[in-house]
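Asks: Next come the chains, spelled out residue by residue.
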Amino acid sequence: MPRFLQGLRALGGLALMLAPPAALAQSTPPAAKPALEGESCSVRGLMDQLRQGLGSSSKAYREYLNAVLREAAVSLPSGELHAAFDRETDPAMVEQLAAALVARSEREAEKDAIQAVARRALEDRDPSVRAATVRAMRRTGALEKTGDMYERLMRDGSPEVRMEAAQNLIEDNQYVYSGHHGPATDTAVNAAVASTDPKVTAKLLESLDTRKLGPEAGQKLLGMLGHESADVRRSAALALGGVPAAQMAPAREALVGMYRGERDAGVRKALVQGIAELGFADAVPELRKLRSVDPSMAPEIDAWIRVLQSGVQEWGLLLREKQRLQQVR
Amino acid sequence: MRFMKKTALAAILALAVPSVAAAYSYTVKSPFPGTVTATTYYSSGTFHGALDISSGRCNYWGVETGVMASLSWNVTIRTSGVYCNGTGSGTQNEAKHAFANGKTFRLWHFIKTSDSFDRTCNRCQVGNEGGTGNATGPHVHAQYDQSGSNLTGWYSGYTTKGEAVDRSETIGVLE
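Residue numbers (my numbering), protein chains in the order written: chain A, 1 to 329; chain B, 1 to 175.
No wet-lab data here; the hints were simulated from the structure.
Just so it is clear, CB atoms sit at the ideal spot from N, CA and C, and this is done for glycine as well.
Incorrect hints may appear among the rest.
[Claimed, not checked] If you want the footprint, here are the derived chain A segments under chain B, 3+ residues with CB under 8 Å:
1. 102–115
2. 134–146
3. 150–163
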């Protein structure tokens with residue numbers, strides 16, 4: 001823009017600023033002042049905000065909105081929240097509303113609110129909605145409050161739903177129960193046994209902390225060693241490595257017995273790891289005996305023997321040491 | 001030389017191996033409205049290594065678990081009845097969560113109510129403010145410990161002695 005035009009524009013702006021209000025009023029028709037309206041924290045308001053926000057490119061903002069809804073959930077009107085949840089069909093919004101209902105349950109504002117979420121996770125016709133409602137129950141006490149829901153979800157027709165359910169059981173055991181709650185571990189094992197999807201069963205078992213596993217579920221886990229899928233056998237062998245003291249002897253016996261007949265190299269590796277975890281340094285004589293069964297496994301067994309003889313008393317550190325040895329080899 | 005290279009590489013890779021213990025970060029809110037009356041050291045200079053919070057009123061405020069997450073809480077009742085000024089060392093009522101990494105978060109001294117039972121919840125009430133166990137007045141002792149040592153970093157920088165806190169006030173972060 002030429003400099004003289006810029007000067008005129010600035011002058012015009014200054015004139016407008018200095019003009020008396022009366023003069024301005026004469027040039028424009030008087031407009032009614034917008035009435036200020038009080039606004040309450042409503043389900044509809046939060047949903048509108050959320051719907052807009054979910055399209056935001058900022059992950060932090062989306063997480064903030066999720067957190068706001070979950071925190072506000074305890075003071076929102078229950079009826080409105082349930083109605084909004086029942087009406088909603090967009091999976092992303094269903095997940096948020098389900099999470100709000102679960103939060104009401106977890107905060108003990110409405111203990112049974114989670115039942116509506118569980119019902120929809122099992123019965124909704126849209127698999128994306130079922131998966132979304134399952135995700136909403138992640139890292140909560142849902143497995144204690146929903147009966148056999150997880151076993152039923154393991155037989156869901158959608159692989160996405162089955163995988164989300166398995167992920168819930170893994171994360172609930174890891175974060176909510178910190179591996180210290182036997183019934184939670186048993187629920188995960190029962191769900192794994194009920195599953196008809198070997199991929200899901202394997203994922204569930206290999207990530208499970210079994211230190212508080214009950215005897216009945218322990219027997220079921222032993223039975224999984226005979227599964228037709230090598231992935232399931234491998235993960236069952238890994239899971240058996242962590243069972244409580246009372247179940248260690250039969251687990252060790254089963255793993256050693258199975259090693260001789262097993263043909264899959266991956267499963268054999270898992271069996272050796274399971275035996276090592278069950279016995280620590282005491283497993284060394286057993287591992288030496290197994291060394292001659294399959295010569296191709298000798299380097300793996302030697303590495304375990306070396307690690308177990310290091311005298312380290314913590315499984316996590318032993319695993320690290322084993323990985324280190326493999327890397328320098 | 002070749003061995004040194006391998007060892008160095010292994011050391012770097014070992015550091016890159018993810019930790020076996022689950023990572024978490026949970027904000028802790030005050031279990032009830034009150035004042036922080038003790039932190040790392042008592043006025044006497046004795047090590048305390050925890051937070052004491054008191055409203056000064058016995059059997060009044062519902063004590064919440066405070067941690068902003070769904071966790072399974074183990075509630076142990078060692079003393080039934082309303083006690084405000086102590087019942088002897090080791091007799092405190094306790095709500096605790098033991099994390100998979102070996103750390104434990106505990107709340108002590110509350111009075112048993114109908115809410116004092118084991119359950120999985122997010123900031124639920126487990127009792128009333130009281131003085132069961134080794135206490136000279138009604139308060140809650142919030143402690144995060146590992147292998148018998150009290151950790152102090154979880155509240156440092158979040159609260160100080162004398163601060164007035166309510167249930168929405170962050171008093172620390174557990175990691």
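Asks: Against the structure shown, which of the earlier numbered hints fail to hold, in ascending order?
Replies: Hint 3 is the one this structure does not satisfy, whereas the remaining hints hold.
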